[in-house]
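J.: Between the sequences and the hints, there should be enough to build the whole structure, so can you do that?
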Amino acid sequence: DVGDIIVGAVKAATPGAAVKKGDVVRAVVVRTRKPIRRTDGSCLRFDDNAAVVINNANEPRG
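Numbering (our numbering), first residue to last: 200 to 261.
If you're looking for bench data, these hints aren't it; they were derived computationally from the structure.
Fair warning: this is a prediction, and the values are worked out from it, not measured in the lab.
Built from N, CA and C at the ideal position, the CB exists for glycine as well.
Certain hints may be false.
Calculated lysine-lysine pairs in the DSSO-like style (CA-CA distance at most 27 angstroms, straight line) [to be verified]:
1. K210 to K220
2. K220 to K233
3. K233 to K210
Each pair of labels, with its calculated beta carbon distance range [claimed, not checked]:
4. C242 to A212: 26 to 36 angstroms
5. K220 to I253: 15 to 25 angstroms
6. G240 to K210: 30 to 40 angstroms
7. V229 to A256: 25 to 35 angstroms
8. R236 to A216: 15 to 25 angstroms
9. R232 to V206: 15 to 25 angstroms
10. P214 to N254: 13 to 23 angstroms
11. A256 to G215: 19 to 29 angstroms
12. R237 to G215: 32 to 42 angstroms
T.: So this is what it looks like as structure tokens:
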């Protein structure tokens with residue numbers, strides 16, 4: 200679900216990035232393809248899954 204903290208591996212990274220391919224990182228989920236049902240009945244869905252890499256203090260890295 201959106202807002203959950205997950206542990207995952209970096210699949211791809213740009214050159215010079217703070218994380219490298221293969222690194223195991225903590226991240227918070229910010230977008231999901233699975234529809235999110237809101238209390239007013241509307242539905243929110245994104246085209247892709249996305250997460251923001253965080254450090255041990257739950258602050259964004261980079």
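J.: The structure should be examined with respect to each hint, and the outcome stated for every one.
T.: Okay, the hints, checked on the actual structure:
Between K210 and K220, the direct Cα distance comes to roughly 6 angstroms. Compliance with the 27 angstroms bound is thereby established for this hinted pair. Proximity of K220 to K233 is assessed by CA-CA distance (about 26 angstroms); at most 27 angstroms being required, the pair is judged to hold. At roughly 21 angstroms between alpha-carbon atoms, K233 and K210 fall within 27 angstroms of each other, so this suggested pair holds. Between C242 and A212 the C-beta distance comes to about 32 angstroms, which sits within the given range of 26 to 36 angstroms.
Range check, K220 to I253: about 18 angstroms between beta-carbon atoms, so the 15 to 25 angstroms window is met. Hint check: G240 to K210, Cβ distance near 35 angstroms, so the stated range 30 to 40 angstroms holds. At about 18 angstroms, the beta-carbon gap between V229 and A256 misses the expected band of 25 to 35 angstroms. At about 34 angstroms, the CB distance of R236 to A216 disagrees with the hint of 15 to 25 angstroms.
For the hinted restraint 15 to 25 angstroms between R232 and V206, the CB-CB distance of approximately 20 angstroms keeps it satisfied. The hinted range of 13 to 23 angstroms is satisfied by P214 and N254, whose Cβ atoms lie roughly 21 angstroms apart. Against the hinted window of 19 to 29 angstroms, the Cβ-Cβ separation of A256 and G215 comes to about 23 angstroms, which satisfies the hint. A hinted range of 32 to 42 angstroms for the beta carbons of R237 and G215 is consistent with their spacing of about 39 angstroms.
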